[in-house]
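In mature numbering (1 follows the signal peptide of the UniProt record, and there is no 0), the protein residues as written are -20 to -1, 1 to 487.
The set of hints was computed from the structure by calculation and includes no laboratory data.
A virtual CB, placed ideally from N, CA and C, is assigned to each residue, including glycine.
Misleading hints may appear alongside valid ones.
Stated by the list, open to error - Just the calculated beta-carbon pair ranges, DEER-fashion: (1) K81 to E136: 17 to 27 Å; (2) Q35 to S56: 24 to 34 Å; (3) K161 to V200: 20 to 30 Å; (4) V200 to G325: 26 to 36 Å; (5) F233 to G113: 30 to 40 Å; (6) Y36 to T75: 19 to 29 Å; (7) F182 to T331: 35 to 45 Å; (8) F182 to T6: 55 to 65 Å.
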Amino acid sequence: MELQWILFGVLFSFASCVLAEKAVLTNDLPQFCTGMYSKQDWDGDIEPHIEMDFQYFKSGDNNVDSYLSVVIFEFSDMDALGVKVSDISTHYVCTEQLVSKGLCDTSELYQFIVDKNVTPKTEILSSVLTSYGGNGLLYKISKTGYYCVACYSPPENRFRLQVNFQNSFGNLPASAIPRLKLHGLMAIAYAVCLSVYLYRLFIHRSEVILLQKYLGKLFVFLTMESIITWFWFAFLNSNKTHTLYPMQGATKFCLFLVSVLNAFKVASAFFVLVIISNDHKTQYSRHTPGRSEPWQLSLYPIFLFCDFAFGYPFIMLSFFNTISQPRSGPSGYFEKDDSEILLWGTGILATIAFTACYYLALSILWGTIKLLAKNKLKDKQKLYQKLFGLLSLSALLLVFAIVSSLILKANNSFTELKNLTSLCDLWSSYIFFMAFIGVAFLFRPSHSLYLLSRKNWELDNQYSEGQLDVYRGNEFELDDLQDDLHRLERARLVDSSSDPSNAVQKF
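Take these sequences, add in the hints, and give me the full structure.
So, in structure tokens, the structure goes:
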């Protein structure tokens, strides 16, 4: 009952801090871009569109023009905006000076200039906002793409414009909607596999070894983590309360919790992996001939901590950077965001720590396999060779997935629908799931694995007792011989005193 209340509290906190895909444009952030699906490419209950809410405007000086220019366009049509005044200068907003030079029409005054000589791939909507509210502007999404809303007003003016990027499926960005389905499928798959594993534990409840208890606990945690993450994305997609950018404090806190759970998932999986690789309390004990603690174990906790310490900020920053922004646009040039630098920095450090943990685990596992071969334990050697092959294949698949994602990202630098973090999340989640299910299958509760473990436990106990005898030396044997002589002497004296005639014969 207590666990249910805790889970309810966590989900309630998630529900209270979810957001819609809304961005607030101001003087400091005059442009925002995000990917959007057409209804044909990703069907839903809502017709995808972009709408605006003009909320605040303050003129800085009476001599300054009081207007707010707005343009909505697909990023590939960037060349259709503006007019070149010289080889190095492009003006995007129609002013009185440009009208006098014949570079734009009077009807376009204070609007973003659309080049009539360029045919855009999608509609470009340019307007001047004159009153608060929506101003009757509604931009329908007919093609899947990377859409931007840009604003301009003289620097002395202050304004606030809220833009709603409404996809047909809900309020998640186009780059994040695959994560909703991904984590939903992962939650269902983990729950089904956990049910099968718990059933096996119940059937073989009298034959469960320590490793299977570790795997069972990790199985429960992974299932809960996938369900919570799925709920998180589902709430993000269904609620329209908060803005996507800038994110609010409660939203950041919820992202922090989800990121910590995700990073702890990787760290706990590595912890169980090193237990299996070192064969700790599974097949061997420390008394096994030739068994010694691998040197890698002393380094493993350090890299495990680094993987968690750099992993959770990387995961958290990847949520913030789901929507990549161009560095230039009709509103001007923008400095590079510091969060992207932190994303790459923590990502590289987390990757190094992850690789080190994986390498050390494989090294420890390979040492265990060689020790099994040395002691001619063929059945156990085959089991651990299968585990080594599974982990090696998973590593190769992960490298292939990362390289493929980087190639896709390089070829589509502003294709929001192929966001790098979303692709890496997709690949890594599937590979992690398959690797874990493979390990759980190899060491599943069974009578044969229990007998294999029990047989080696008995051999370890025999070896431990024999080792104890060797440590005690010859002193043990001399004491036993002296005790036997004393008992024989006492028996002879008793017999002689009771029956002298038979004393000699009995002796």
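Hint check results:
no.	hint	result
1	K81 to E136: 17 to 27 Å	24 Å, holds
2	Q35 to S56: 24 to 34 Å	30 Å, holds
3	K161 to V200: 20 to 30 Å	23 Å, holds
4	V200 to G325: 26 to 36 Å	34 Å, holds
5	F233 to G113: 30 to 40 Å	32 Å, holds
6	Y36 to T75: 19 to 29 Å	24 Å, holds
7	F182 to T331: 35 to 45 Å	40 Å, holds
8	F182 to T6: 55 to 65 Å	59 Å, holds
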